[in-house]
Amino acid sequence: MLYREALNRAIDEVMSVDETVVTLGEDVGLYGGSFRVTEGLVEKYGEKRVIDTPIAELSIVGNAVGMAIGGLRPIAELMTGNFSLLAFDQIINHMAKLRYMSNGKLTLPMVVRFPQGVSKQLAAQHSESYEQMLSAVPGLRVLSVNDVNYAYHALKYAILSDDPVVFIEHELLYNKKGEVDFTQELDPFKARIAKEGSDITIVSYLKMLDDVMLAVPEIEKELGCSCEVIDLCSLNPIDYATLSKSIEKTSRLVMVEEDHKTGGYGTQIIAWAAEEMFYALDAAPLRLAGEDVPIPYNRKLELASIPTPESIAQKVIEWGRKNDV
Amino acid sequence: MNKLLAEEMYYLMVLGRAFEYAAKENYMKGNVSGFLHLDIGQEGFSVAAIKAFEKGDIFSTYREHIMAMARGIEPKAVMAELFGKATGVSGGKGGSMHLFEPSRFFYGGDAIVGGHIPNAVGCAYARDLQGSEDGVMVIFGDGTTNGGAFFESLNIAATHKLPLLFLCENNEYAIGTNIKRAAPFREQAKKAEPYMLTYEVDGMDAEAVYKTVREAQKNIQEGHGPVFIEAFTCRYEGHSVSDSNAYRSTQEMNHCKAKDPIKRFKKELQEKWLCSEDEIQTIEQKAQKTVEEAVEYAQNSPEPQPNVLFENVFYEERKNVVS
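Line by line, the protein sequences are chains A and B.
1 is the number of the first residue of the first sequence in the working numbering; add one for each residue after it.
1 is the number of the first residue of the second sequence in the working numbering; add one for each residue after it.
If you are wondering where the hints come from, they were derived from the structure by calculation, not from laboratory data.
Computed from a prediction, not measured in an experiment: that's the story for all the values here.
Check before you lean on any hint, since a few could be wrong.
[Stated by the list, open to error] Each computed DSS-like pair below joins lysine-lysine, with the alpha-carbon atoms no more than 30 Å apart:
no. : chain 1 : residue 1 : chain 2 : residue 2
1   : A       : 105       : B       : 289
2   : A       : 261       : A       : 249
3   : B       : 272       : B       : 211
4   : A       : 156       : A       : 190
5   : B       : 259       : B       : 289
6   : A       : 105       : B       : 55
7   : B       : 161       : A       : 48
8   : A       : 105       : B       : 266
9   : B       : 257       : B       : 286
10  : B       : 161       : B       : 190
11  : B       : 190       : B       : 211
12  : B       : 190       : A       : 44
13  : A       : 322       : A       : 176
14  : B       : 55        : A       : 48
15  : A       : 177       : A       : 300
16  : A       : 322       : A       : 300
17  : A       : 177       : A       : 105
18  : B       : 218       : A       : 48
19  : B       : 218       : B       : 289
20  : B       : 3         : B       : 266
21  : A       : 245       : A       : 44
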């Protein structure tokens, strides 16, 4: 099953049993979804529940908030992370805060999902990542999964959850193949050990995790070590228990992410490690992130602006040699 | 309208004005803090609109104390919220600008200008899907009609023929900026005309507001889609109590106050509903007493417990696990 098919299956299954679930966004209906995630749903559930909206992101999320207040369980799709910025008032000031401001009188069972990140030469206004901003907002759950099985389970959980969830996808993951275990009971807030190891803990999420996995064989060969790779899955809350267990074992931490380095998501992981895991670490952590530049169009420049399997391998090996791994 | 309702509306208007003055007084004393937006001068509009929209969901702004009380939220729970007390309608977490009571289908209390309109559109969509006829009313000021959220909402509500009443309170001031300096015309209903049925009404005339809102809701209930009402009102105070209102001349304010909605409605009460001076005095005294009791209740109520700081961020609490 493909990643996008796993997402589709999750939405489809919930819509088939719960008629309060609706999905809305640009081209989610008749067109089938910009990335085909909602393909076939309008034929099954009709235009009232699979709602094609105008290009008005503020309203897509703002309407979803009102639908949730009105007793529905909306899934709002935004075409890309950069467009989510037009909806930030609704995501941050409304979706995240109404429950708290009303002292729990309002409940907002809703999901906002969008793909983000560098795909292929889409330039600066279609390639950026925003998990660092959204994970910093109290009141939001932020899920961002790499694995196809998790895609199915985490999205299903998000839709059924009574809390507002931001579900961040990546354009390059939609056609990723994987197996889905439909019978499994999976906690999407628990980090996934993508690969077990004993010498270096490499933490990543979303598409970057695949690049880490591609870099690992060379790192292990060159350094003669074994890497443990952790897929965060949930960016807020963070499964610190899994992280600390791994760091206690390996004594070394590498964080790999696609967003810009300054203020990027990994600052939280590194800051936490500095505060809480300082004495468990044998070396200063290494953080690999995107450069502090808007994403350029030219392919060579674009690839130079974010970590790649090659650059991850090279930098981790260099760091490993300096730190006696 | 009948005599009983007219008396209730008068009670709510008088209560509203006394409440707002008491809130202001307690702001000066330091019991109420933050931003406090008073609705003095617009009580007739606020009460009539809410009473006319008898059933259905209401989304309003940060100038909503009187509307909340007209919807049935206890004055003491509103005052306690202004005081930031645990017994406040939002447990002391919302304050003056964030009063919510879903059991009364009243959803605040939104302090992002225009931010609540898309929410009302979504709620109207939900009601339509659920087959409910009463619809949704969203209340906002003239300043809101210059923002993007408003225009997006007109478009979506009209496209889906949603059961939504747009109620614009045009007091001609966006904080301190006169409408003439922020929009090309005074009548904001012109912006909605291509999309839906529009009405203009004297917002200082509570009975006219009541009738117009009733008619609009009937239209919505009959399935004709959204309606826009523009009510011209007059705000006696500054935007909030920290605004000295210096940008309006005495002449302008006198002209404004000559249209006082409470005096006007009182006259109707006497002439149309034949209320005696005694009956009116009883209503006024009752309102005054309710406000005094609300202040006392707020004053004597406990502060929120420190542990509630972390409550109700989420429905399902999940602590981050730090080893």
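To see whether the hints hold, each was checked on the structure:
1. Using a Cα cut-off of 30 Å, the hinted pair residue 105 of chain A and residue 289 of chain B holds, with the two alpha carbons roughly 29 Å apart.
2. For the given pair, residue 261 of chain A sits about 27 Å from residue 249 of chain A by alpha-carbon distance, which is consistent with the 30 Å threshold.
3. With a C-alpha separation of about 15 Å, the suggested pair residue 272 of chain B and residue 211 of chain B falls inside the 30 Å cut-off, and the hint holds.
4. Restraint check: the Cα-Cα separation between residue 156 of chain A and residue 190 of chain A comes to about 15 Å, which is no more than 30 Å; the hinted pair holds.
5. Between residue 259 of chain B and residue 289 of chain B, the direct Cα distance comes to roughly 26 Å. Compliance with the 30 Å bound is thereby established for this hinted pair.
6. At most 30 Å may separate the alpha-carbon atoms for a hinted pair to count; residue 105 of chain A and residue 55 of chain B meet this at roughly 19 Å.
7. Annotation: proposed proximity of residue 161 of chain B to residue 48 of chain A holds, straight-line Cα distance about 13 Å (limit 30 Å).
8. Proximity of residue 105 of chain A to residue 266 of chain B is assessed by CA-CA distance (about 37 Å); at most 30 Å being required, the pair is judged violated.
9. Taking the CA atoms of residue 257 of chain B and residue 286 of chain B, the gap is near 24 Å; set against the 30 Å cutoff, the hint holds.
10. In summary, the hint linking residue 161 of chain B to residue 190 of chain B is supported, as the alpha carbons are separated by about 19 Å, within the 30 Å threshold.
11. A distance of roughly 21 Å separates the Cα atoms of residue 190 of chain B and residue 211 of chain B; the hinted pair therefore holds under the 30 Å criterion.
12. Proposed proximity of residue 190 of chain B and residue 44 of chain A is contradicted: the alpha carbons are some 40 Å apart, above 30 Å.
13. Distance hint between residue 322 of chain A and residue 176 of chain A is unfulfilled; the C-alpha atoms sit about 35 Å from each other, more than 30 Å.
14. A threshold of 30 Å between alpha carbons decides the hint, and for residue 55 of chain B with residue 48 of chain A the separation of about 24 Å falls inside it, so the pair holds.
15. Straight-line distance between C-alpha atoms of residue 177 of chain A and residue 300 of chain A comes to about 27 Å, which keeps the hinted pair within the 30 Å bound.
16. Proximity of residue 322 of chain A to residue 300 of chain A is assessed by CA-CA distance (about 29 Å); at most 30 Å being required, the pair is judged to hold.
17. Taking the CA atoms of residue 177 of chain A and residue 105 of chain A, the gap is near 42 Å; set against the 30 Å cutoff, the hint is violated.
18. Between residue 218 of chain B and residue 48 of chain A the alpha-carbon distance is near 24 Å, which keeps this suggested pair within the 30 Å criterion.
19. Between residue 218 of chain B and residue 289 of chain B the alpha-carbon distance is near 36 Å, which puts this suggested pair outside the 30 Å criterion.
20. Between residue 3 of chain B and residue 266 of chain B the CA atoms are separated by roughly 12 Å; this keeps the pair inside 30 Å, and the hint holds.
21. Between the alpha carbons of residue 245 of chain A and residue 44 of chain A the distance comes to roughly 45 Å, so the proposed pair goes past 30 Å and is violated.
In summary, the structure is inconsistent with hints 8, 12, 13, 17, 19 and 21 from the numbered list given earlier, while agreeing with the others.
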